[in-house]
Each structure stands twice: as structure tokens, then as C-alpha cells.
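For the record, the sequence lines run as chains A and B.
Taking the working numbering, the leading residue of the first sequence gets 1, the next gets one more, and so forth.
Taking the working numbering, the leading residue of the second sequence gets 1001, the next gets one more, and so forth.
Just so you know, the hints here were simulated from the structure itself, not pulled from any lab data.
Only a predicted model underlies this, so the values are computations on that prediction, with no experimental measurement involved.
Don't take each hint at face value.
As the list claims (entries may be wrong) - Straight-line C-alpha distance at most 20 Å; calculated PhoX-like pairs for lysine-lysine:
(1) Lys107(A) / Lys1099(B)
(2) Lys50(A) / Lys1132(B)
(3) Lys102(A) / Lys1132(B)
(4) Lys50(A) / Lys1099(B)
(5) Lys1173(B) / Lys102(A)
(6) Lys107(A) / Lys1062(B)
(7) Lys1052(B) / Lys107(A)
(8) Lys1053(B) / Lys107(A)
(9) Lys1091(B) / Lys82(A)
(10) Lys102(A) / Lys1091(B)
Stated by the list, open to error - Okay, the calculated bits of chain A under chain B, using three or more residues with CB under 8 Å as the criterion:
(11) 65-72
(12) 125-137
Where is the CB? At the ideal position from N, CA and C, for every residue including glycine.
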Amino acid sequence: MSSSSTEVQLLGSGVSPFEWRIIWALKWKGVDFEFIQEDVSNKSSLLLEKNPVYKMIPVLIHGRNSVSESLIILEYIDETWKENPILPADPTERAHARFWAKFSEDKITEPIKQAFHCAGEKQAEGVKALGEGLDILEGKIRGKKFFGGDSFGYLDIVVGWISYWLHFNQEAAGYNVMDQERYPGIDQWMKNFLEVEIIKENLPPSDEMMSSYIMYREMSLAFLNSNNKSD
Amino acid sequence: MAEELKLFRTWSSPYSLRVVHALKIKGLEYETILEDLQNKSAAVLEYNPTYKKVPVLVHNGKPICESLLILEYIDETWKQRPLLPQDPYQKAMARFWAKFGDDKVLPSIWTVFISQGKEQEEAIAPAAGNLKFLEEQLKGKKFFGGETIGYLDLAFGWMANLISILEEIVDLKLVDPEIFPLLSTWMNTFSDDPVIKECWPPRDKMVEKFKAMREPYLQRTA
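The following block holds chain B by itself, in its conformation from the complex:
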């Protein structure tokens, strides 16, 4: 049966990357439609009228929105190479930590990135506190998913991609390998995986983009 699979995404969004990696791991063929967030296509507005955001996965004409929900949909629809654990409790834990990543880790790292001076100093401890939980989750494991990359690794993949870029821009260690050895190793192992490496946005473009994103915040306190 011919399956029609389309992914509406941006070239750089970490949320979009989650879906790109999941589709790659599952070995699925699909069409990519790159979106300009300043000029969203009629298709995105039709497929995601509630939030008007990407990524959106469209499978045989049916849209699925929200990157973590898309990962679950992909895992439930194509059974090869499972992303989530089978056990209900392990699954619940994966969902819990993925949510923690989006609700707490990402915003706290972002706060360090966009603030300056005393405000930035004060933002470091909460961010480090959140990272400590992740460090503990990696004890005795190569990936968050165990021996192979899974849902939670994809959920945290933005760290492997973005952290070194943000660190370069603010000239600050966000994930210090001495304090977070397991997390640092994981970031490298994840990035080096052939499936992941193949779909990595160009670093120089990313640096340029995030420098530009930081500008308005620098000017605000100037």
C-alpha cells in the first residue's frame, strides 16, 4: 500500500529534528516541506490551525502535531525498531523526563543564554539543578533508552545539537564535563551516531541564527 508521508518543518528547529531522526531510525520515506516561520504556508495553517506551528507530520492526508506526540504516533504506527519501552512504567518514566526536558531543562538553559551579568549568574544554579536529574538518569546507560537511541534520546537531542553552539556564543560552559560527565559523553555519543549525524543542521548557520536570536535581549538591558 502506498503511504504518503510529509513533514512540514524548519531547517533548524530542535523539535523538527526529533521527528527527522525518528523517521530515519524507522527507515521511513517521506517528503520534506521546509517552512519559513515569518511566512507560513497555507498548508501549515490548515493542518495546525490551533497553534499554527511546525513540525506537522501528515500521514495519508491526516495531520499530527506536537513533536513528542508525533514520536509516539510514529512508534505506534510503524512497529520496527521501537522508540518507546514496552513496559508501562518505563514508558511513563520516558514521558515524564521528556516533559521535564521541555518544561524545565530547555527554558532554564535558554534563560542562561539570553541573560547577562548578575541575572545570568543567578540563572546558572537552577539550570544546573535540572541537568543533575538528567545526569542521574544516565547512570549505567549508554543512551537514555538503554543500549540504543530511543524516544528520550530524541527528546533531549536538542542538547547534543545546541549546547555547544550556545556555549560558544555566550562563552560559558553550560554542560561542564567535569560536573556532568555522563551527560557530556551522551551528547557526543548521540551526535556521533551515523543516523543522527546524517541529519544535522549546518553549524555555522546555527551559530549565526542563535546569535541573531540573542540580539534583542542584549539590547534590552543595554
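Chain A on its own, in the form it takes in the complex:
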């Protein structure tokens, strides 16, 4: 049972991996929604009203409710629409899934941001930290099709963005950390992830990704140069 398309709206930029987590979750659940494109350099009054604290996308609007922060939105979706559960039912497994989601934000997402937005030593530091995070992730995924075993689920939705986004990020920022020999498990899981129907059918176009990421990188470098630093 899904709500009508006008009842659920998702504010996003079009290329942020955090909003695509939400798109995948909604598609997985069969929930109709309207995507509202935001220009993050010129934020709409709707965005500022619905996320006054951080003023960032993604924001899920469901009737009178607005929820921000992608991991929190995922849990809200899972608890509101009960079909095709995303998180495991068992409390221990849920705690472990949430733990690894937090780990991926701290030790993979954050270093990727640093590697992308910084230059010189600060970038190298981010790349090194990313390698270490991926080492731990490799241990977690090697030998498994998805993080939950045979079934696609929460952790795949949370971490899966790197399967597609990391390539554009690395290309635009001039670094390379995804060594298939060092991370055979992650490499295989990324292929498995991109083969999942709702993922395959729901990815931003690669030309839009490349041009956006080149632009973001130029903006970051310009900012660093104007402040005359590498971070």
C-alpha cells in the first residue's frame, strides 16, 4: 500500500549520493513520490523551510512531515511503509547494521569528502584514511554477495553509492584508491550492487555526473586558492 505521488516528495540536487539512497529505498518499497530538483547554490524557500537546521538535501516530505539526514530518512521509510523491509527485524542485527552504516559514514564517506575537497597533503591524508576504511569494509564483505548475505538490504543501500560515485569522484579529483587486487570483495560486491534491478534502473546519467563533479572540484580548488590553503 503506497501513498499517492503528491503525498511524498523528495528534495534533491540530482547527483548527491545521499538522495539516491532515498530513491532506492522508496523504489524498493514501491512508494510513489515526486522528485523536486534543488539548485544547492540558490536554495529554495521550500528547502529552507523544511530543513531549517542544516538547509541541505535530501529532505523527505511526507504530508506534514519533513525528515532530513539520509540515514534517519531510511529508517523513517522502513517504519512507515512496512512491505519489503530494509532493516533486519532482529534487534542485534539492527544494531550491527546501524553500527556499520555509521562506520561507513565516518571512515569512508568523510575521507572521500576530504580527498575530493582538498589538495596536497590534506588530500593525501583523506586518500590514506579511505584506504584504511576500505580495508575494514573488505573484511566485512569478502565472500558475501551483499552485506546481509544473499539478500539486498539496508547496508547495501547505505554504502552502495560508492559503486557508482567513487569513479566520478576519483576522476574529477585526481586520485585512485579502488585497487581491485587490494579489494576483491568490495569490487565483486560493487558489481553485484549495480546489477540489482532498482539500482540499475535508478542511477543519475554518467555525463551529468562527470560534468557536475568536475564543476564541484573546480569550486573546491577555487575556494582553497582564494583562502590560500590545501584544506
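Chain B: place on chain A using the hints.
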């Protein structure tokens, strides 16, 4: 069925206190293992190899890490005296504000605490801006959780415990009752609750500890 519940924690950490309070509210029996962060036990390194941190709750041999995640685990496993709201949106809001507390409020208060002079002056406005959001969340409520202490009160409990200690050390009002009347009242009401009061680390030891934590920062700019 005999349940084995162990909590690895330090005597003073606000994150550990969250779990202590949650277990108390739920009426759960457990064993406490106090950890020395300078000399972590083999058990902690085994139960939390990723971060090597406490608190860690071990339930029938299974470890759960990260204090806010432990609160959710406790709430989902033992249904008496719920900590989180049942409604998905109210739950999402509680999680959002708890994260805001850890990501923004705590670091901004900490910055005021460890800085001096002009740097400290400049750190006050951002900290106050964050506190204003919390003040708004308390409108018309006794606790963040409503009529009774809940998840979000436990998440912010560090404020009720630490703020007056930090204020004493830096001789600065961090949560001014004139500017933040609801937050100030909440801090007192929370601290005075019998369940909370019973598990409060000794104030003099806390003052000593946080004075020591501030020292390296004072010397850095000296």
C-alpha cells in the same frame, strides 16, 4: 531465562552515562566493568575492534557499540517503559535531534570550553545558536520526551551533568537561564529525577578531570 548483561564503561563518560540511565529506567540488572582508557582491556578490544571504545553493552555474549545505538537496542529488546516514541515521525525527530546534539551542540560547547580570549568570544555565538534549537524543542514540554524521560533526554543528559562543571572551570555562563529558561529548567528537572540522581558521577572528581583535560589547550596558546 537467565540473561547475561554486561556494560563496559568509564566512570565519567557522558556516553556511558546514557546507557547506565537507560538500563536503570528499564529496571535491568547488569554487571559493570570499569575501563581505564589508557589501558584498555582485552575484552573491549575484542568486543569493539573497529573503534576500540566504550561504552559496549554485551548481551548474552553479543556486543553492541555506540551509545545511541545501544539505547535503541535496549528499547527494542526490553519493551517496558519505552524510551523512543512509537510514531515513525516522532522517532525520526528524536534521532535527528540526538544526532544534532552529538554533531553540533557538544563540539560547539567544547570549543568554547577549550579556547581562550578572542577565539573563545567568537565560539560563543555558534554554541548559542545551537542551544536555541534545543530551547525551541522544549516548548510546552517537561522533558524532550514529553511527560517522562526518554531517548532524547538521555542523549542530552551530558548537558545536565557537564554544563555547570564546565561553567565553573571557565567562569563563563554557557547556558544562561535568562536566555535559555526552558533548557535550564530541563537540566535541573533531569538531574533531580531519582533515577538519574542515583547514577551521577562525583562532582569534585569531574571538576578535577575536566580541568586536567583543559590544561593542554591552555598551554598551547600560552
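Here's how the hints hold up against the structure:
1. Lys107(A) / Lys1099(B): Since the Cα atoms of Lys107(A) and Lys1099(B) sit roughly 17 Å apart, the hinted pair holds (cutoff 20 Å).
2. Lys50(A) / Lys1132(B): At roughly 18 Å apart (the allowed maximum being 20 Å), Lys1132(B) and Lys50(A) satisfy the hint.
3. Lys102(A) / Lys1132(B): Distance of about 27 Å is beyond 20 Å: violated.
4. Lys50(A) / Lys1099(B): holds, 17 Å
5. Lys1173(B) / Lys102(A): violated, 33 Å
6. Lys107(A) / Lys1062(B): violated, 23 Å
7. Lys1052(B) / Lys107(A): With a Cα-Cα distance of about 14 Å, the restraint between Lys1052(B) and Lys107(A) holds, given a limit of 20 Å.
8. Lys1053(B) / Lys107(A): Distance ~15 Å between Lys1053(B) and Lys107(A) Cα, so the pair holds.
9. Lys1091(B) / Lys82(A): The hint holds at about 16 Å.
10. Lys102(A) / Lys1091(B): Measuring from Cα to Cα gives roughly 18 Å; hence the hint holds.
11. 65-72: Since 5 is at least three, the answer is holds.
12. 125-137: Per the Cβ count (1), the hint is violated.
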